[in-house]
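A.B. asks: Using the sequences provided together with the hints, build the complete structure.
By this note's numbering, the letter at position 144 of the sequence shown is numbered 144, and the numbering carries on one by one without gaps.
Read the hints as simulated data drawn from the structure, not as lab findings. The reader is advised that the hints may include incorrect statements.
When the alpha-carbon atoms are kept at most 27 Å apart in a straight line, the in silico DSSO-like pairs for lysine-lysine are as follows [stated by the list, open to error]:
id, residue 1, residue 2
1, K71, K56
2, K58, K71
3, K71, K182
Cβ-Cβ distance ranges computed for the label pairs, FRET-style [to be verified]:
id, residue 1, residue 2, range
4, P127, A188, 12 to 22 Å
5, E131, G94, 15 to 25 Å
6, S116, K93, 34 to 44 Å
Computed from a predicted structure; not experimentally measured. Backbone N, C-alpha and C define an ideal beta-carbon position, used for all residues, glycine too.
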Amino acid sequence: TRKGRKKSVFVHTENFFLRVRTHDSKNCLPLFQLKVNKIKALIFAKTLTKHWIQVKNKAVIGIDIGGTGTKLAIVDEEGRILERSSFDTQAQKGGSSFIAAIADAVVELQQRVTSSHTILGIGIGAPACDELAGTISGAANLPFTETLPVRQLVEEQCGLRTRLANDANVAAIGEGQFGGAKGMSNYA
1 TRKGRKKSVF VHTENFFLRV RTHDSKNCLP LFQLKVNKIK ALIFAKTLTK HWIQVKNKAV
61 IGIDIGGTGT KLAIVDEEGR ILERSSFDTQ AQKGGSSFIA AIADAVVELQ QRVTSSHTIL
121 GIGIGAPACD ELAGTISGAA NLPFTETLPV RQLVEEQCGL RTRLANDANV AAIGEGQFGG
181 AKGMSNYA
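C.D. replies: Following this line, the structure appears as structure tokens:
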């Protein structure tokens, strides 16, 4: 927000209009106005105002892609594992089958905690990944040989913001946050 300008979000539940306006000292200009159904309006408003809304019982889905098994867990803010799931990585033949298996497992996990927690996103640790591009390419122990845009495909199929990172780096971060290296500034 530029100095002297504020953004406001208005949700009109009677007609389900969502308006975003900029305010300055001279006038009020509508940026856009959408007529959408109630669910989309509320989801969009929540997205726009995510910094204002206090979401209770936040959780994320962590996925560890390994050569023999792919493990998934829903983890809360304190690092407690709420639910787990896994499937045989090698049983999947090709990239599309592998992504479909991930999406199925994510949906299954979400259904287990849908009434108690809000899932904010998905974090994936994988070998041979390009974190910036969101792809896995050339991993000798995975059941696909093509470059697979994992981040994009998981986001599309699961509808959750997704991040992809090197599995060794993710393991080190996890140890530093919740494991044996908690509170240490240097560890290997």
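A.B. asks: With reference to the structure, classify each hint as holding or not holding.
C.D. replies: Verification of the hints:
1. Among the hinted pairs, K71 with K56 is consistent with the structure: their alpha-carbon atoms are about 26 Å apart, no more than 27 Å.
2. With a C-alpha separation of about 20 Å, the suggested pairing of K58 with K71 holds against the 27 Å cut-off.
3. Restraint check: the Cα-Cα separation between K71 and K182 comes to about 23 Å, which is no more than 27 Å; the hinted pair holds.
4. For P127 paired with A188, a C-beta distance near 19 Å keeps the hint of 12 to 22 Å intact.
5. At roughly 23 Å, the beta-carbon separation of E131 and G94 lies within the given 15 to 25 Å, and the hint holds.
6. Against the hinted window of 34 to 44 Å, the Cβ-Cβ separation of S116 and K93 comes to about 35 Å, which satisfies the hint.
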